[in-house]
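Given only the sequences and the hints, what does the whole structure look like? Please build it.
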Amino acid sequence: MKKTKYALIVLIATGMFIGAGHNTFAQDKFITKNGHAFFYSEAPLENIEAHNNEVLSIIDLSNNAVVVDMLMKSFSFEKSLMQEHFNENYIESDKFPKASFKGSFTSSEPINPEKDEIYEVEVTGELTIHGITKSLTTKGTIEVKDKQIFVLAKFPVAVKDYDIKIPKIVVDNIAEVVEVTIDLKYNPFSS
Amino acid sequence: MKSFIKKYYIIGLILMALGLASVSYVYNKPHLNVKNEEPDFELTSDELFKQFSLDETTANTRYLNKIVQVSGKLAEISGNDQGNTVLVLNTPSAMSSIRCTLSASQSTIIAELGEGMSVSLKGICTGMLMDVILVDCVLTYP
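Listed in order, the protein sequences are those of chains U and E.
The numbers in our numbering rise by one with no breaks, and the one at position 66 of the first sequence is 66.
The numbers in our numbering rise by one with no breaks, and the one at position 139 of the second sequence is 139.
Please note: incorrect hints may appear among the correct ones.
[Stated by the list, open to error] Rough simulated footprint, nothing fancy, chain U against chain E, three-plus residues with beta-carbon under 8 angstroms:
#1 27-36
#2 77-90
[Claimed, not checked] Taking lysine to aspartate or glutamate pairs in the EDC-like style, the calculated list, with each CA pair at most 20 angstroms apart, reads:
#3 Lys185(U) with Glu76(E)
#4 Lys147(U) with Asp81(E)
#5 Lys160(U) with Glu179(U)
#6 Lys29(E) with Glu78(U)
#7 Lys29(E) with Glu84(U)
#8 Lys154(U) with Asp81(E)
#9 Lys79(U) with Glu179(U)
#10 Lys185(U) with Glu122(U)
#11 Lys29(E) with Glu49(U)
Hints are computed from structural coordinates only; laboratory data are not their basis.
Cβ coordinates follow ideal geometry from the N, Cα and C atoms, glycine included.
Shown next, in the form of structure tokens:
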């Protein structure tokens, strides 16, 4: 987890450095501290969804880098019992309090933060959940609107890939593959 | 003999009903209502930030999933996409703050708040990213 924070600081610091060197006026770096992430599990016995509204993310348009960081205990479930099981038994949030993503994206044309437009992007990077890091590639959209940036991406996460053990007795309650949606609204980053 | 069976039949039914009721109670157990709970910890926003920035692991062990009451100066009032108000409290660091998502029941209170005001609120600590995060918060002062 320290690594992600380090990556985040490096990302900000290099940005400042490059920003100081080149005298560019365009805003390259965007941040959100209240991004929304949610996941949906569809299983024969019940459908479960949980929402996190304290997602931290920084996107840098100068090098197409993106980092996303979230706290597992910030996920809110409809039923408190599910939230308890998620934290204590499955995701073990005392041991692994965060999930993070670090990567970059490609788009068919460079993203212009000055002009309202929607871009289709492909995001590639490393996703860490439950202390396990796996590579992830997914499609998404980046929308520029009124000097804000909106990122939307949806991808499946197979719970066993991240060494999350679901007891046999509840396999009918929890999907093997959970659908994760990332819905972030960034504002210009000012340091 | 017949009444003997009937008696046990009724007791069995009662036990089954009790069992079902308790399963349903556990399954539908309500979320912790922060408003009615005494805080586990009371401290200033500066102190809470300091503890997290000096030693995050120890601070996690101490504060995660606990009700923390924190007081400080309001740096920013914003919101999330779900319509909840977010109150941001100052810390000695320019980069970090205490970021508190208010519970939905608190929506009427914020009209009286302004940046720079001293406030106090309690909520459940979920950890630290750039900011220390509290969720389900209720205002305790003013």
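- Violations among the numbered hints, reported as their numbers in ascending order: No hint contradicted; all consistent.
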